[in-house]
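Asker: Let the hints inform the model, and build the full structure from the sequences given.
Residue numbers (full-length UniProt numbering), protein chains in the order written: chain A, 1 to 587; chain B, 1 to 247.
Since the hints were made in silico from the structure, they are not lab data.
Some clues are possibly wrong.
Said to hold, decoys possible - In silico lysine to aspartate or glutamate, DMTMM-like type, Cα no more than 25 angstroms apart, as pairs:
(1) B:K23 x A:E122
(2) B:K31 x A:E122
(3) A:K125 x B:E32
(4) A:K225 x B:E158
(5) B:K31 x A:E111
(6) A:K64 x B:E207
(7) B:K31 x A:E198
(8) B:K31 x A:D499
(9) A:K56 x B:E28
(10) B:K23 x A:D99
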Amino acid sequence: MSNEFNKGRRKFIKSAFTVASALAIAKVAPTWAAPQGRSFKDQILTNDEIDLTIAKSPLLVGNKVGAPITINGQMPGPLIRLKEGQRAKLNVTNRLSEDTSIHWHGIILPENMDGVPGVSFEGIKPGRTFKYRYDVEQNGTYWYHSHSGLQEQLGHLGPLVIEPKDGDIGADREHTIILSDWTFEDPDTVFRNLKVAEGYYNYQKRTIFETFEDVRQQGLEKTWKQREMWGQMRMSPRDIADVTGSTYTYLMNGRDSQMNWSALFKPGEKVRLRIINGSAMSFFDVRIPGLEMTVVAADGQPVKPVPVDEFRIGVAETYDVIVQPKQNKPYTIYAESFDRSGYVRGTLTPELGLEAEVPELRQVPERGMAAMGMGAMAMSGDMKGNSMNMKHMGGNNSHMTHKMTHKKELPVENIKIKHRESGHGAGAAMIATNPVSRLHEPGIGLEDVDHKVLVYTDLVGAHEWPDTREPERQIELHLTGNMERYMWSFDGKKFTEVDGPVQFHHGERLRLVMVNDTMMDHPIHLHGMWMELENGQYPRPRKHTISLKPSEKVSLLITADAPGSWAFHCHLLYHMKAGMFRVVNVA
Amino acid sequence: MYGKSLLVGAALLPGLAVAGHAKEDWPEPVKEYYTGQVLFDRLELTRTNEEENLAVWDMMAWYGGDYHRAVFKSEGENVQDDGEPTDLESAELLYGYLVSPFWSFQAGIGTRGTLSSDASMENYAVVSFMGLAPYWFEMDNSLMVNEEGDVQFVSETEYEWQLTQTSYLQPRIEFTANLTDSDKYERQSGLSNLRVGLRYRHEISREFAPYIGVYWNGALGNTADEMKRMGEDTTETGVVLGARVWF
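Answerer: Encoded structure:
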């Protein structure tokens, strides 16, 4: 069904490039996303004071008029360029009929400038202007977005680029690409659908005919074994994205595939692409067929260059890559939703109006034993998965052996994970009885691709970070959820159920251990402080958002140097709304 | 400072959202979410082997949060053109609590009988255990005690085979057991009734899915014996045409 759907959709995209939508491009295109991009040594156009006006205005999204939240009339909002060392002066005026806010994602700033209503300030009331003021002490690729309700889903977001002091971008030209997911449905309706009807947006479920086919190919016993675990857990191996291409139009700089956002280059030039995943719910797999990409920054922070052919970008993450197209021809920038329910493409081109071949969507991936255990093991000799276990399953999975292929042993591998005897209550449908490190895995659907995909263990910080202390203390948090009622939480408790913040002691160095006790990937974001990822590399990469795979455990080092209250949450918008949110208090 | 206001807040409003709420007049960053749903699992016309036409409903409505919900359930049927009033098989108002990830415990009161002015209704107390069993069996098990002290157990189980992304084959089984004899309501103890059905459903949208199906209904045990003694048929078959609808 979904394949038919997508095929139909592609056909439609090809034929529906109408005059109306052609005319709309000029109107819809954020002015900053000009095809020329920016060249090294260009004059830096940083206004000393930047005014941003938040309003709701009808705008063409793809080939239909939607009602997004616009920032200075655009969706996504304007590219804000600041310079390291300057004082940011950003005046945000609310022209909506409800409260709003802007959070500067990944920026180190005072707590009252962080823009989270209820945590850092009271929000911006209708008609009011909030003046954000902070010193910019970092550089790189970041973004900004609303932290009020579900406004982010309505396009209340934009890119934020901070130029380094010396102005050197390490390339001849740069383009900023912000990916997002748009729906014409009311975000409140989307949330209710998720709440009352499990799997509402999933049109890629396993059918009985696929089961018959599996039985025919591999026999009844093996098929039963594969289905057994999922049946006991009452979960679906095809449950990859909660909200899918069945309602989403995926956008690149506010334009869909048909509008084909284009970026210019001259053959031989080094082009820096600043790629931001500003989606509410969608992980993307990004590649440019025919071009190698060299990752030079993750979450705005420099890393030692890693050449890759493809990378997965979790919600709220950013990656900077450098490409050097030598040929005088267009290349497709392809961002495929990780559940393969849709994609958006743009074009990197030597002249406007060209386009390159658009890859087909790849096959729907599947979680579970076939995808991450038994099936793949024979091919790679690598146990890609791990044991999932429902509370009541006991030790049924002992037949699954664990053979990991790490080069280095990570600290987290020696950390014993504690689960409460009783599990995590009714809010958690699963506990990972044997969580493992999965930082070396590319993620679901990318296990067997025949080119180089970025993995977290590839990331090496470009230089040492100031605090080299060993952690004095350890905090363990479990990511928990119950799909049936769409409850998401930490340690089985939604935000509304906890009785206080997570306490960090000011000045301490601590290790945060997180365990994903769910079947979903979660991008976890800490405000106000960096998290150094203990991935076996040194210097460690540091991140503002870290994606955890199902049943994964990770450890991060944090210097609690930012006094005040900070949000800590899953960056999947509807997971946060459902309760996967905590306040960290540094005092 | 924040710690103090938190403590005060937590003491004043136990169980309410106060976590990390730094200032009293600030909004909560994440609020408890309440919603509701009305679901007609079966809303159908039935043609029996006795050539009777019936209109049948089986619905549930709820409102609440993730753990606590107010639940209303109702089932019934009306034989068309027989001049008889509608037969209300159940109308129950329950409080539901999520006791484990897949199961909620419900307790409340119910009534049943024919919907006519002179009929006396049978009122009862009911507890249900409703949820999703391993291997995706959707179950609702209810134990009812009426004013006479008669005890009845009803169990409904549904399963769904996914045919395509929008169509399903759904077997359904329902049985009734009387734990006690009841003279007033002419019930014999033991397993009394079994109903097995199969439906093919196609979603026009997630919210509206028409279906066609068949069922077999049979009396069992003492109940069947009693019916035979009275010269009644103990089994019934039928075809159904209906829709699963929610909003």
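Asker: For each hint, tell me whether it holds in the structure or not.
Answerer: How the hints compare with the structure:
1. Straight-line distance between C-alpha atoms of K23 of chain B and E122 of chain A comes to about 8 angstroms, which keeps the hinted pair within the 25 angstroms bound.
2. The hinted pair formed by K31 of chain B and E122 of chain A meets the criterion: a straight-line CA distance of about 15 angstroms does not exceed 25 angstroms.
3. The suggested pairing of K125 of chain A with E32 of chain B holds, with an alpha-carbon distance near 22 angstroms, which does not exceed 25 angstroms.
4. For the given pair, K225 of chain A sits about 23 angstroms from E158 of chain B by alpha-carbon distance, which is consistent with the 25 angstroms threshold.
5. Our distance criterion of 25 angstroms between C-alpha atoms is met by K31 of chain B and E111 of chain A, whose separation comes to about 21 angstroms.
6. Among the hinted pairs, K64 of chain A with E207 of chain B is consistent with the structure: their alpha-carbon atoms are about 24 angstroms apart, no more than 25 angstroms.
7. Annotation: proposed proximity of K31 of chain B to E198 of chain A holds, straight-line Cα distance about 21 angstroms (limit 25 angstroms).
8. Taken as a hint, the K31 of chain B and D499 of chain A pair is honoured in the structure, with Cα atoms around 14 angstroms apart against an allowance of 25 angstroms.
9. Proposed proximity of K56 of chain A and E28 of chain B is supported: the alpha carbons are some 23 angstroms apart, at most 25 angstroms.
10. For the suggested pair K23 of chain B and D99 of chain A, the alpha carbons sit about 17 angstroms apart, so the restraint of at most 25 angstroms is met.
Against the hints set out earlier in the document, no violation occurs for any number.
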